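Novice: Following the hints, position chain B against chain E.
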Amino acid sequence: MKYWKGIEELESAPEFMQSAFAEFMPVKESHESKDDTSAPRRDFLKLMGFGVGAAVLASCETPVIKAIPYLNKPEEIDPLISNFYASTYFTGSDYNAVLVKAREGRPIKLEGNPESPITKGGLSARAQAAVLSLYDGGRLQHFAIKGQKAEMKQVDQEIRTKLAGTTGRIAIVSHTIISPSTKKAIAEFAARYPNTTHVMYDAQSATGLLQANGGVVPGYDFSKANVIVSLGADFLGTWISPVEYAKQYVVNRKVSTNKRTMSRHFQFETAMSLTGSNADVRVPVKPSQQGAIALALYNAVVSGGSVSTSTPYGKQLATAAAELKASGSAGLVVSGSNDPAVQSLVTAINQALGNGGTTIGTASSNVRQGDDARMAALVNDMNNGSVGAVIFYNANPVFNHPMGDKVKAGIAKVPLTISFNDRLDETGSLCQYSAPDNHWLESWNDFEPKTGFLSLSQPVITPLFTTRQAQESLLHWAGNNTTYYRFLRANWRGITPTDAAWDKVVHDGVAMGTALPAAPAMTAMSAAAAASQLSGAAKQNGVELALYEKVGLSATGCEANNPFLQELPDPISKATWGNYVAIPRAMAITNKWEQGDVVKVTANGHSIELPVLIQPGQTNGTVSIALGYGRTMAGKAGDKVGENAAPLALMANGIQYMNVVTLEKTSATSPIAQTQTHQTLMDRRPVVQENTLANYKKNPKEVTEYEKVSTPDGMEAPSKVSLWQDYQYNNHHWGMAVDLNSCIGCGSCVIGCQTENNTAVVGKQQVINRREMHWMRIDRYYSSDTHKSDFDTKGKVATYAAMEDPSENPQVIFQPMMCQQCNHAPCETVCPVLATTHSSEGLNQMTYNRCIGTRYCANNCPYKVRRFNWFSYYSNEKFEIVNGHMFTDLGRMVLNPDVTVRARGVMEKCSFCVQRIQLGKLEAKKQKRRPVDGEIVTACAQSCPTDAIVFGDMKDPKSRISQLLRREDGERAFHSLDSINVQPNVTYLTKIRNSESEFFGQEA
Amino acid sequence: MNSIRLRSLPHLLLALVLTFAGIQQASAQEAATVKKEGVTPGATAAATPATVAAPAAGGGDAAAIAAGDALFKGNCAQCHAINEQVVGPALGGITKRRPISWLLPWIKNSSKVVASGDEYAVALYNKFNKQQMPSFALSDKEITSIVAYITSEEGKTAAVAGVTAGNAPAADGAAAGSGAEAGAGKYMDILLIVLVVVLIVLVVTLVIIGNLMKDVLRGRKDLDGRDIEILEQRFDWGKFYRSPVLRGIVGVVFALVLLYEGVQSVMAVGLNQGYQPTQPIAFSHKLHAGTNQINCAYCHTSVYKSKSANIPSANICMNCHSQIKTESPEIKKIYRAIERKQPIQWVRIHNLPDLAYFNHSQHTQVAGLQCQTCHGPIQNMEVVYQYSALTMGWCINCHREMPLNTKDNKYYDNLVKLHDTKNAGAPFTVSSNGGTECSKCHY
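Sequences listed follow chains E and B, in order. In this text, residue positions in the first sequence follow full-length UniProt numbering: the first is 1, and each later residue adds one. In this text, residue positions in the second sequence follow full-length UniProt numbering: the first is 1, and each later residue adds one.
Next comes chain E alone, as it looks inside the complex (with noise of 0.2 Å):
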């Protein structure tokens, strides 16, 4: 029998018997080949050896580098020793008090200042990468006319002669301004132009709020309030004071064994906020539905009538208007709605709760005075052509405004246009005169964000462009020559009459005192007739829109240049670079959407075109769109991210952040950058935990479930069971505790973590590819209606598959996620060069330099948390844009001299700040004694806002971190992933939830 291998062997062909026996076909050398295209072998192997020659022999040359002293060294700085300044962060939406770390007269970090009252060494997301902003190179770097550089004197010479010729009202238009010198400054120009006014607006307004209250924010303190109803206010993402606030919710959020109590909070809102993942019990409800919502507790709380269960959110509705009657003084209602209604009858329930003094303090803030009706006027004015000049003091209005396009004609209008803001934005390219304000790390000034709490800001570094503080803009065209500083020190004299008390006020950055002007009166709704325009309101049909801000962008847009906070994903929909309409699950299958798919939406006669992400939590029938997006003329990493919603706002009674909108779906498909895409735990419990109050005040010992492994001698804890040997920590054994319960997922620690460890931005594509860089993320996980109970009745894979589909309205934990620093690193075991290994001091050491980049090692984590360096983002142009803090010489500035900028090809991950553990025991060491307990910390837990994050030397045993674990040991403290015993030096205490625990099936 023969088997031929093909038709030729049968026809013996000679071609073919000619090579049949042999293994492999003859290869024609290349260098016979006709073909001129095709490389010829031996030439390209000649070439190349000549180029590896060459380019051996020419980097054997040594560079000449150059040490360049000071020629006059200032006294106070040394070579590569960090300088902290106290200053402040406002930029008309979040206030925070901050130091500002210096290297040789660069900032390079921001922290926040302990000593402050208001936020207590806490630090939002967006103040943690305000640094970058500095060294944006996307700032208007000179004076302007039309656009075109201008010296500084021709600028001035032409607006004081124009100014002075001025017929018309003169206005300057800004956010809301807290400094009083600004405030006196304003007022010196407008003594010497009488005709001038002062309209401040914020993008994200809340004069309603303002006209409840006699035209100031109440002084919430959420630190006192044992029952919590918010209405649409996401105060802890970023509603008004978002810091201040959480770090007052969190005091009555923390719990021991000694302390069985926690606060309960109840929040109605539309799109899942960040607040609302953090609430107990959380009602997805319309936009307009909140007005019904105002009453009802209203009608409940004031007048003593009973909550009408017939409305889907009734049941809990009366519940919390029985829990908020019941803790009378202790209850705090909040609302985030604009309409003044609506905050009349906020206003008159906190009243009648008697909550004055003790969750509504004496000090008012006054980090919102934005009023929509005199906005709307001036713009209104400015196109009827009686405005004679127009300055933006650092506003946007033609971008953040509802009204921008009639901004945007008004500008023409008017004769005599100025600009202060740092670039030639959407507003300033329209201006005839910039006037760049300097950047507020360059600059002098004070605030004021409470009544009777004062602080400062100082320059860390001369201006690094021909810029000018607005401030002594405004003085110099007033006829004032003196400098704003001079100008501030004088107005502080009542306060600071020595110059020791000015110093140590400097030097502290905040001070007590009063100094604002007290905020015009506004007149507020009455409660009855407040009452009856909102019951007298007609129905909504159609689906509604909801205007939110993201943690991450405000609605100004200003940070839309920064590219940390591009690519810092969004606490709930881990999406970044864009907004997008988040919908509801219900209304994606009717529609037949999916992810990405681009849909039109319209309302006002104006539209945008957004891809479609499905949010959990989303209230059926709405969409949810982010303000702040969509800048045009931001800058090279902020133009075109995303789309401009703030047309879509609706103009009655001040501007209301919603809308009826129609939606249309294109044939485009935009992919969204989320940097989580699983969405559920699927049950299992051993990587986060979670349990109820109820439980935890029966027996705080049963609330965590630890895992038993099975050995010889019977189930045991999986460290009873070890292949690896243990190691013995003789000096320091560093560790970190994260409780759940405090952590509400702001991500202020992933930018800490950013800007301290350079991490790369790798930009939108690279997110989707599952490549971004950082160290630190914030794993969120919605609960599931399915568990595992209905294996039986469902069967297996389709419990598996619907258990991956979150909850219509999910309940939502946080779990931060960095290296796990393991005793028993699986890393470290694989690693075939030894780039990861174990310190004495109980660290899992990464070492670039001996990196080959196999991923091994990110292969055998089971946490996921290392991370490659697929390209040189530091010099590959297709980072240029996106990581431009690593590219320019200017960018570079920013970047933490005291850690490597990673090559390509290497595996990092995060290193529980080991530069700053080193430089803590080096100090302790230069003062021959132990390092104290705080001193090292790590910049994740540094930055926290609520303190959930504990670093510290678990071999000390007096420090915070060994007193927790010992306290919670058995009771809370867990490590994830228990049963693989890989003995994280991390370690986390289970989230205690105020209300039923839906996250978990019922243990059978």
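None of these hints come from the bench; they were simulated from the model. Treat the numbers as computed from the prediction; the structure is a model and nothing was measured. Treat the hints loosely; a few may be bogus.
Claimed, not checked - For lysine-lysine, the following DSS-like pairs were computed, each having C-alpha atoms within a straight-line distance of at most 27 Å:
id : chain 1 : residue 1 : chain 2 : residue 2
1  : B       : LYS417    : E       : LYS958
2  : B       : LYS108    : E       : LYS66
3  : E       : LYS101    : B       : LYS307
4  : E       : LYS926    : B       : LYS214
5  : B       : LYS286    : E       : LYS928
Specialist: Using the frame of chain E, we list chain B on its own:
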């Protein structure tokens, strides 16, 4: 019988030559191993076995010698060696030269002794270019232990000179070849000389005998052709030259040498030891630090507190040079820089790669090291050059050998106790406290 003996004469000669060479080689090897022991495990190895064996010679007890060893390396070794003159005089035989009662005040404060007009002290001061020995805050007991250590080390060859040798330019055994015989025992020398003499006598005798026999044989007429052939046979050098075995050996040796040299030169890429660039201003450390004894930290202001020692800013120069040598053209360059507000661009000599973290204060303030330990005899440098290799191997070596400076530092108190209870025998070195872990220098 005779013929056989005669035929083998050249072979015998060859064998003799080879044996001789072999013995020499063996002795050289032996010398090299001795040398190696002295250099690589360096200070620690020398401290333990060598000194434990030595007490009889030194007269001190082992503990004092061990303590003296550490103190010597921490304080004296920057300038002194025991058996050779480095910066200061060789200290070997110091007890024979000076009594301990003289040494104590001298070490504690040499300038005071010089000022008191002590004859020996003044002579010594002048002999060493009026270069003062800095004063040391050591106790009497500590000084005696140093002296005990020195006495125990006397007579050992220069190779054992610990830190200095470890820092010497040709650090890692590259110097093994030079002066290898120096370490060999005295017996070996005598034995070698005797052997050589015996061999020469043997060879000469054999040659004489051979020639005599040849003459005798030539005189005989009854020899046949074959015998004559043997008689007239000469050693064929041509054949030797053409031997493939020899060619092979030579070829292999040549290739190995080439490979070794090649690897050495490749390993030296990026190594800038000895780098001595011309600086924009001809500043002399010899004048400032050497002759004028200006403390290093006077100009390098942050050497005790910062990562960087700080290249002095022009205002520090002006502290003195606003008065001194104002007419010097080099000093005028500083004036010009200040007038033009253009800082002086020095050429950086010591360049570590960005991936390596080094902190001066850790080594000066905490470890108490002298600048010279790494920077060499900076006080003698007219133009500064890179003295140490600054390679990772160089760093690690020192971390392995250097005992931690734990004295009066509460940071280390418990660690020292722990170390002493566990393995008191081994010194508590930097690396035994985790000083050779990756993330101590790389992050």
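Novice: Is it true that the CA of B/LYS108 sits at most 27 Å from the CA of E/LYS66?
Specialist: Violated. B/LYS108 to E/LYS66 sits at ~40 Å, over the 27 Å cutoff.
Novice: Taken at face value, is the distance from the CA of E/LYS928 to the CA of B/LYS286 at most 27 Å?
Specialist: Given pair B/LYS286, E/LYS928 is violated - Cα atoms ~34 Å apart, limit 27 Å.
Novice: Would you check the hint for E/LYS101 and B/LYS307, treating anything up to 27 Å between C-alpha atoms as holding?
Specialist: holds, 17 Å
Novice: For the pair supplied as a hint, E/LYS926 and B/LYS214, is the alpha-carbon distance within the 27 Å limit?
Specialist: Violated, at about 87 Å.
Novice: Verify the proposed pairing of B/LYS417 with E/LYS958, using a straight-line Cα cut of 27 Å.
Specialist: holds, 20 Å
Of the numbered hints given earlier, the model fails hints 2, 4, 5; all others are met.
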